[in-house]
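> In order, the protein sequences belong to chains A and B. In terms of my numbering, the first sequence opens at residue 1 and continues consecutively. In terms of my numbering, the second sequence opens at residue 289 and continues consecutively.
Treat the hints with care, since some could be wrong.
[Said to hold, decoys possible] Only pairs whose alpha carbons sit at most 16 Å apart, straight line, appear in this in silico EDC-like list of lysine to aspartate or glutamate:
| no. | chain 1 | residue 1 | chain 2 | residue 2 |
| --- | --- | --- | --- | --- |
| 1 | A | K266 | A | E237 |
| 2 | B | K499 | A | D168 |
| 3 | A | K256 | A | E237 |
| 4 | B | K358 | A | D71 |
| 5 | B | K358 | A | E78 |
| 6 | B | K360 | A | D75 |
Hints listed in this document are in silico derivations from the structure and should not be mistaken for laboratory results.
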Amino acid sequence: MDYILEVHQVSKSFPRSDFSLDNLSFSLPYGAIMGFVGENGAGKTTTIDCILNTIAKDSGEVRLFGREMSDADTDIREKIGVVYDGDNFPGFWTARQLAKVMEGFYVQWDNVLFHKYLEDFALPVNQKIKHYSKGMTMKLAIAAALSHHPELLVLDEATSGLDPVMRDEMLDILLDFVQEENHSILLSSHITSDLEKVADYITFIHNGKLMMSVSKNDLAYRYAILRCRESQFLTMEPTDMLAYRKRDYQIDVLVKDGKEAGQKYKDVVVDHASVDEMMLLLVKGELV
Amino acid sequence: MRGLLRNNFYAMYANAKVFSVIMVGTGIFVVAMDNEIHSLIIGYMVSAIVGFSLNSVASVRNESASKWIKHKLAAPVRRADIVKSLHLSQLIWLLAGAAFAGCVVVFSVLLHGYPFDKTTDIFMIFVVGISVSLFMGATFFPLFFLGGEERSDVFLMISLACGIGMLMGLSTVINIIFPGYMTPVQIIGSGSAILACGGLAFVLSYLFVRKRF
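Next up, chain A with everything else stripped away, as it sits in the complex (with noise of 0.2 Å):
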């Protein structure tokens, strides 16, 4: 399989704070949307900006089609569109100000694309950006990162923040994007849901670790929760378990394999394991 980006054993810490990324890897094929997920703090803006190279890592190797980025690759950097959270851009600017820097910016930069978004977003064009509401903000800042004709999307918790509506908009504007065969998306986020909607793989970070990377396939025919009583689990292999959480009344299991483990232990109920659980499990229970 192609990758278009490869990370591989990225270390980064910061002086002055107890978080440190710890030799995180994971790769994004060709063509593919990658959900980031992981709770506030634990990291998924440290590893885009190692991967984007805003920021130096301490060790590792960052891979982008195929090469390692440096300062001087700016043909790497004109493929790929980024979107932040929150204000993208300076607010005293309007949107023509900024497709002039744009255009300053990248070889492939398509005005023409670029107008036609402000219009199907309904953006104004010459009112300054402070003076849009936070759905506009975050369309103008996707409109901006794909008026460059990019191949790979790297969106920082683009769609928190915004109205289930707007969201929707914006996931579907993603699913358009990787209707090509050589686009891909990495999208951090929390709002699992979204991720759910449109990821085909689920990549977990807690406190700096990967937990792990999974395709959504497997997370919804393999990985299962199953739901046990004390008395179950205590019977259960730890080599079958993942990670557990000890509940009021129930000890949730995560287990690699939901129907083997089904066969194997059969008085227990076995659910459908969602990010959002699986995500809690990583988080919040003990891991195996």
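Dock chain B against chain A, hints included.
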């Protein structure tokens, strides 16, 4: 580089518009006044040159409220070009300020005659404005990039003080070297030396920031 220069221009645009209107207004006033009162024309020239430079330097802070700096780093521009564009922008606005000052001097001389005793005086006023601007930029950019945008207000004040201080320091050295009456050649030579020091500090600051950013 084109995109970066446009970016810097838009960062300063609103301030530049207001400042230009004020400088045009005060410029008309200065030209209209009899130029025997030297302080008016000296004040205008130095304000125009340093003012535009100061605005340009201060505009760097405008981007820090958004995530635009991250966007710039993720865009197909090199870090060295970002640094170069900031220094170039300051030079462009310094020239704009010098152009304002030059126009007012020319009109004032055409209307009222040459206002100073020596022909070298106007040159020295330009030296004051340009060198303060260069030293100010040379101080601000390293402080801003190393110290962080949250301290940018104090860095701006420090930079302006440094610009004035460096000029005063160099003037003191020149006065020690030439304690008595200075010939026009000595004045022009001294002024050129001050400009050269400002230029050198500016280039060294650019090289330093480029290496560290």
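> Hint numbers the structure violates, sorted upward?
Those not satisfied come down to hint 2.
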